[in-house]
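**Student:** Model the full assembly from the supplied sequences, consistent with the hints where possible.
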Amino acid sequence: MRDTVMQGQFLRRKDQRRRVQFSAIAECHGIARAIEVVDFSNAGLRIDKVSGLAAGDRLKISFTPDISVEGTIVWLVWHKAGVQFTKPLKQDAAAYQYLLERAAFIEQAHVRAISSLAQREAQKLHETDQT
Numbered sequence: 001m002r003d004t005v006m007q008g009q010f011l012r013r014k015d016q017r018r019r020v021q022f023s024a025i026a027e028c029h030g031i032a033r034a035i036e037v038v039d040f041s042n043a044g045l046r047i048d049k050v051s052g053l054a055a056g057d058r059l060k061i062s063f064t065p066d067i068s069v070e071g072t073i074v075w076l077v078w079h080k081a082g083v084q085f086t087k088p089l090k091q092d093a094a095a096y097q098y099l100l101e102r103a104a105f106i107e108q109a110h111v112r113a114i115s116s117l118a119q120r121e122a123q124k125l126h127e128t129d130q131t
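UniProt numbering puts the first residue of the sequence shown at 1, with every later residue one more than the last.
Calculated directly from the structure, the hints in this document are not laboratory data.
Careful: at least some of the hints might be erroneous.
Unchecked claim - Only pairs whose alpha carbons sit at most 27 Å apart, straight line, appear in this in silico BS3-like list of lysine-lysine:
no.: 1; residue 1: 87; residue 2: 124
no.: 2; residue 1: 80; residue 2: 90
no.: 3; residue 1: 80; residue 2: 124
no.: 4; residue 1: 80; residue 2: 60
no.: 5; residue 1: 87; residue 2: 49
no.: 6; residue 1: 80; residue 2: 49
no.: 7; residue 1: 49; residue 2: 60
As the list claims (entries may be wrong) - Distance windows between CB atoms, simulated:
no.: 8; residue 1: 90; residue 2: 118; range: 32 to 42 Å
no.: 9; residue 1: 111; residue 2: 70; range: 51 to 61 Å
no.: 10; residue 1: 129; residue 2: 51; range: 21 to 31 Å
We put the beta carbon where it would ideally sit given N, CA and C, even for glycine.
**Tutor:** As structure tokens, this is what we get:
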């Protein structure tokens, strides 16, 4: 029982994850593949549209021609994978700043969508009150 509890605590992420969604290029075993970056923390990221890779593979992920990260696949399920960075990203690193900008874009789009829905609902209520 204690081992199960310890394993569960070991597998929990400690770092805050931020949602993003953009295409990137993963290079492994001399082959470049298109992937989607789904979320990140300073310790790693989750990718989607993964093929031909396995847990334990080391890879380089290029966000732009000038911005990339290196890491190891620590888990892989179907076409999704978790990548642990070789070195945790510092907040002033170009890759971390790039990821933060992408996350801010997603968060702003989410807020705009919720605001738009709220405005529509308010308009419906107003129209109902008028009748």
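**Student:** Provide an ascending list of the numbers of those earlier hints which the structure does not satisfy.
**Tutor:** Hint check: 1, 3, 9 and 10 fail, others pass.
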